[in-house]
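Peer 1: Kindly generate the complete structure, drawing on both the sequences and the hints.
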Amino acid sequence: MNILKKSFKKSIWVFHLSTAACNNCDIEVLELLTPRYDVERFGIKLVGSPRHADALLVCGSVNAHAKPRLIEVYRQTPKPCLVIAFGSCGCSSGIFRGSYSVVGPVDKVLKEVDPEVKIVYVPGCPPKPEAMIEGIIMGLGAI
Amino acid sequence: MKLLFYYLIFPGFVFSSFIGLIISWLDRKISARIQWREGPPWFQGFADIGKLLYKEVIIPKEASSLGFVLGPLFALASVCLGVTILLTGYFKLSEGFIGDIIVVWYLFTIPSIAIIYIGSLSGNPLSSVGVSREIKLLLSYELPMVILIVMITSKVRGFSIKSIMDWQIINGPNLFNWYGIIGFIVSVICIQAKLGRVPFDLPEAETELGSGILLELSGSLLALYELSKAIMLFGLPMFLVILFWGRGILGGILLYLLIVFLLILIKNTNPRLRIDQVMRYFWGWLTGASILAGILAYLGV
Ligand code: SF4
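Protein sequence lines, in the order shown, are assigned to chains A and B. Just so you know, the numbering used here puts 355 at position 38 of the first sequence, and the rest follows in order with no gaps. Just so you know, the numbering used here puts 655 at position 183 of the second sequence, and the rest follows in order with no gaps.
Fair warning: there could be bad hints in the mix.
[Said to hold, decoys possible] Cut-off 30 Å, straight-line C-alpha distance, at most; resulting in silico cross-link-like pairs (DSS-like, lysine-lysine):
(1) 428(A) to 501(B)
(2) 501(B) to 323(A)
(3) 533(B) to 425(A)
Derived from the structure by calculation, the hints contain no laboratory data.
Peer 2: Here you go:
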């Protein structure tokens with residue numbers, strides 16, 4: 318069992334989910350796949366389906382429209398999985414906080430469905446790619 | 473006992489999945505180097521499989537759980553059997569039987585059928601689009617490839633791996649004739665499609681269908697399917713080595729590496745095709761080319 322657990326740390330497949338972000342964070346994510354940062358070195362890969370994902374990368378202040386989708390995708394992801402709240406919006410709703418349509422940052426929404434959820438916060442507007450790599454590595458320590 | 477050893481350890485499951493995972497790493501590493509990236513470490517394939525085995529398996533509510541579990545198992549078992557028959561023939565471990573080359577080719581088709589079955593079970597609309605594409609893809613590459621197999625087997629007047637290899641020891645490899653060159657090019661493209669790799673990755677289509685046909689597979693079921701794909705990545709080029717080169721270990725290894733390199737190069741230099749383009753391409757150009765190769769073989773060029 319131990320070796321399987323270890324291999325978990327060497328191979329993280331990420332599903333990217335945008336819940337009402339301003340789109341800048343989503344663009345920044347792509348930076349990670351380029352030759353300069355190349356996260357495939359660490360076995361990190363973007364996948365197209367939450368069923369294959371080990372980490373959900375959630376950008377954006379969750380609004381009322383996106384909330385059920387976020388919960389649905391979180392339920393569809395096989396556990397153990399890591400949630401990365403990306404950007405100031407993901408961590409705290411950022412500049413959209415208090416808006417009539419925003420129902421709370423990622424952690425608040427997900428803790429309602431699963432109190433055990435493991436969340437990594439990567440602040441920044443948008444965060445630097447180095448910050449995101451560090452966030453994932455810190456999150457792996459938590460699993 | 474000996475057969476079980478063949479099937480599970482030496483040319484079969486353990487050996488070929490080890491080589492297959494190494495080759496799949498090589499694939500990702502070379503692709504990364506082509507794009508000026510660093511690429512994953514050598515144990516990446518093993519880490520992926522290990523991680524998938526560790527994860528939870530989710531079976532959709534609409535799907536029958538028995539079918540969902542049996543599909544990937546059948547895929548893996550049949551691919552292992554195919555590789556075992558192929559390599560025991562290649563390494564002269566057994567005599568083989570008449571028609572084994574055809575049996576191997578159809579054992580390699582079972583993963584596609586299993587994945588079609590799973591995709592249509594899962595009740596996901598994106599998967600069902602993937603399923604229809606996979607069926608069309610299967611129909612398109614089978615035609616030129618079967619023509620080529622028939623060409624080779626009628627050229628050597630024998631329907632078994634042994635006779636193909638014996639013929640090539642006496643008469644020189646098929647690759648050194650015109651029909652062999654044409655057939656080789658056509659069959660490399662066919663196995664690219666059979667492996668579902670980039671210009672022909674329509675059933676999975678990461679970007680538009682969200683990995684389509686595999687969408688609902690998770691955890692260890694996905695691991696089994698990935699493993700059988702890795703074994704196919706080892707087995708199918710070996711199949712071509714037998715068809716076009718025969719015995720001769722050094723030449724065989726070089727040809728094997730050449731085929732893998734060609735597959736990687738095709739993957740990295742082509743955009744994905746539409747399904748109608750794929751069918752036109754396979755049933756038009758490649759079928760024409762393989763019929764031409766058949767005529768040349770008949771004339772003895
Ligand atoms: S954190 Fe900043 S860049 Fe990211 S989605 Fe929010 S406002 Fe946009």
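Peer 1: Each hint should be assessed against the structure and marked as holding or not.
Peer 2: Here is what the structure says about each hint:
1. Distance check on the hinted pair: residue 428(A) and residue 501(B) sit about 39 Å apart at the alpha-carbon level, beyond 30 Å; violated.
2. The suggested pairing of residue 501(B) with residue 323(A) holds, with an alpha-carbon distance near 22 Å, which does not exceed 30 Å.
3. Taking the CA atoms of residue 533(B) and residue 425(A), the gap is about 28 Å. The hint holds against a cut of 30 Å.
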